[in-house]
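Chemist: Here are the chains, one letter per residue:
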Amino acid sequence: DGGITQSPKYLFRKEGQNVTLSCEQNLNHDAMYWYRQDPGQGLRLIYYSQIVNDFQKGDIAEGYSVSREKKESFPLTVTSAQKNPTAFYLCASSTGLAPHYEQYFGPGTRLTVT
Amino acid sequence: KNQVEQSPQSLIILEGKNCTLQCNYTVSPFSNLRWYKQDTGRGPVSLTIMTFSENTKSNGRYTATLDADTKQSSLHITASQLSDSASYICVVTGTQTGANNLFFGTGTRLTVIP
Numbered sequence: 001d002g003g004i005t006q007s008p009k010y011l012f013r014k015e016g017q018n019v020t021l022s023c024e025q026n027l028n029h030d031a032m033y034w035y036r037q038d039p040g041q042g043l044r045l046i047y048y049s050q051i052v053n054d055f056q057k058g059d060i061a062e063g064y065s066v067s068r069e070k071k072e073s074f075p076l077t078v079t080s081a082q083k084n085p086t087a088f089y090l091c092a093s094s095t096g097l098a099p100h101y102e103q104y105f106g107p108g109t110r111l112t113v114t
Numbered sequence: 001k002n003q004v005e006q007s008p009q010s011l012i013i014l015e016g017k018n019c020t021l022q023c024n025y026t027v028s029p030f031s032n033l034r035w036y037k038q039d040t041g042r043g044p045v046s047l048t049i050m051t052f053s054e055n056t057k058s059n060g061r062y063t064a065t066l067d068a069d070t071k072q073s074s075l076h077i078t079a080s081q082l083s084d085s086a087s088y089i090c091v092v093t094g095t096q097t098g099a100n101n102l103f104f105g106t107g108t109r110l111t112v113i114p
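Those protein sequences? They're chains B and R, same order as listed. Okay, so the first sequence: first residue is 1 according to my numbering, each after it adds one. Okay, so the second sequence: first residue is 1 according to my numbering, each after it adds one.
Mixed in with the good hints, there may be bad ones.
As the list claims (entries may be wrong) - Okay, the calculated bits of chain B under chain R, using three or more residues with CB under 8 angstroms as the criterion:
1. 34–46
2. 53–66
3. 76–85
4. 92–100
Claimed, not checked - In silico lysine-lysine, DSBU-like type, Cα no more than 35 angstroms apart, as pairs:
5. B/Lys-57 <-> R/Lys-17
6. B/Lys-83 <-> R/Lys-57
7. B/Lys-57 <-> R/Lys-1
8. B/Lys-14 <-> B/Lys-70
Claimed, not checked - Far from chain R by the CB rule (all over 10 angstroms, computed), these chain B residues:
9. Ile-4
10. Lys-9
11. Val-19
12. Ser-22
Hints in this document: simulated from the structure, not taken from any laboratory. Even for Gly, the Cβ is constructed at its ideal location relative to N, Cα and C.
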């Protein structure tokens, strides 16, 4: 997990509520990423940020939002517009932008929405 | 379409035995291939990385091979230990810049039993 922390480890929410997942890194990495992992599927990219105050949509950005106000922090908000939010969420960071720099992953947050 | 397929989906072996996991990909043009180990409820951790010109790479009891001509890779685990129980994910990178140029396999779930 290196110097990447995600909190909380487990998160439970009612349908219709927004929820924010935390991701912090002390590796001095410029780039940060959010992935979603579902059973039987590969990791899917939600959002990524190459530098502070800049971020780009990944393959499945609908229903999610992010901010990058500080280099070490990249929180992900799962909005009520996300139709199937229950999943395991992984944050990652790298020195430079992937794929040409190795990504280091956090321990993940398991979100359950009922 | 760029795809990464892993087999088998799951595998159970006795402690001390060897095993081989497979990864086939269609990503083109190809840059590199990584194998990750993901413990249950944790983030993936890199085991090996191989570029186009490399045929084999070892990391302790883990040995990865790559045949770029047939677009196949394997991960061989020698003298398995209970701690090897995890999911093993193959990740293939294309040559283009961009965080969405990483292609993740669905993983092989390995269980090592005493």
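Chemist: Compare the structure with each hint and give your call.
Modeler: Hint check:
{"no.": "1", "hint": "34–46", "verdict": "holds (count 6)"}
{"no.": "2", "hint": "53–66", "verdict": "holds (count 3)"}
{"no.": "3", "hint": "76–85", "verdict": "violated (count 0)"}
{"no.": "4", "hint": "92–100", "verdict": "holds (count 5)"}
{"no.": "5", "hint": "B/Lys-57 <-> R/Lys-17", "verdict": "violated, 44 angstroms"}
{"no.": "6", "hint": "B/Lys-83 <-> R/Lys-57", "verdict": "violated, 42 angstroms"}
{"no.": "7", "hint": "B/Lys-57 <-> R/Lys-1", "verdict": "holds, 20 angstroms"}
{"no.": "8", "hint": "B/Lys-14 <-> B/Lys-70", "verdict": "holds, 29 angstroms"}
{"no.": "9", "hint": "Ile-4", "verdict": "violated, 8 angstroms"}
{"no.": "10", "hint": "Lys-9", "verdict": "violated, 8 angstroms"}
{"no.": "11", "hint": "Val-19", "verdict": "holds, 19 angstroms"}
{"no.": "12", "hint": "Ser-22", "verdict": "holds, 14 angstroms"}
Consistency with the previously given hints fails for numbers 3, 5, 6, 9 and 10, ordered from lowest to highest.
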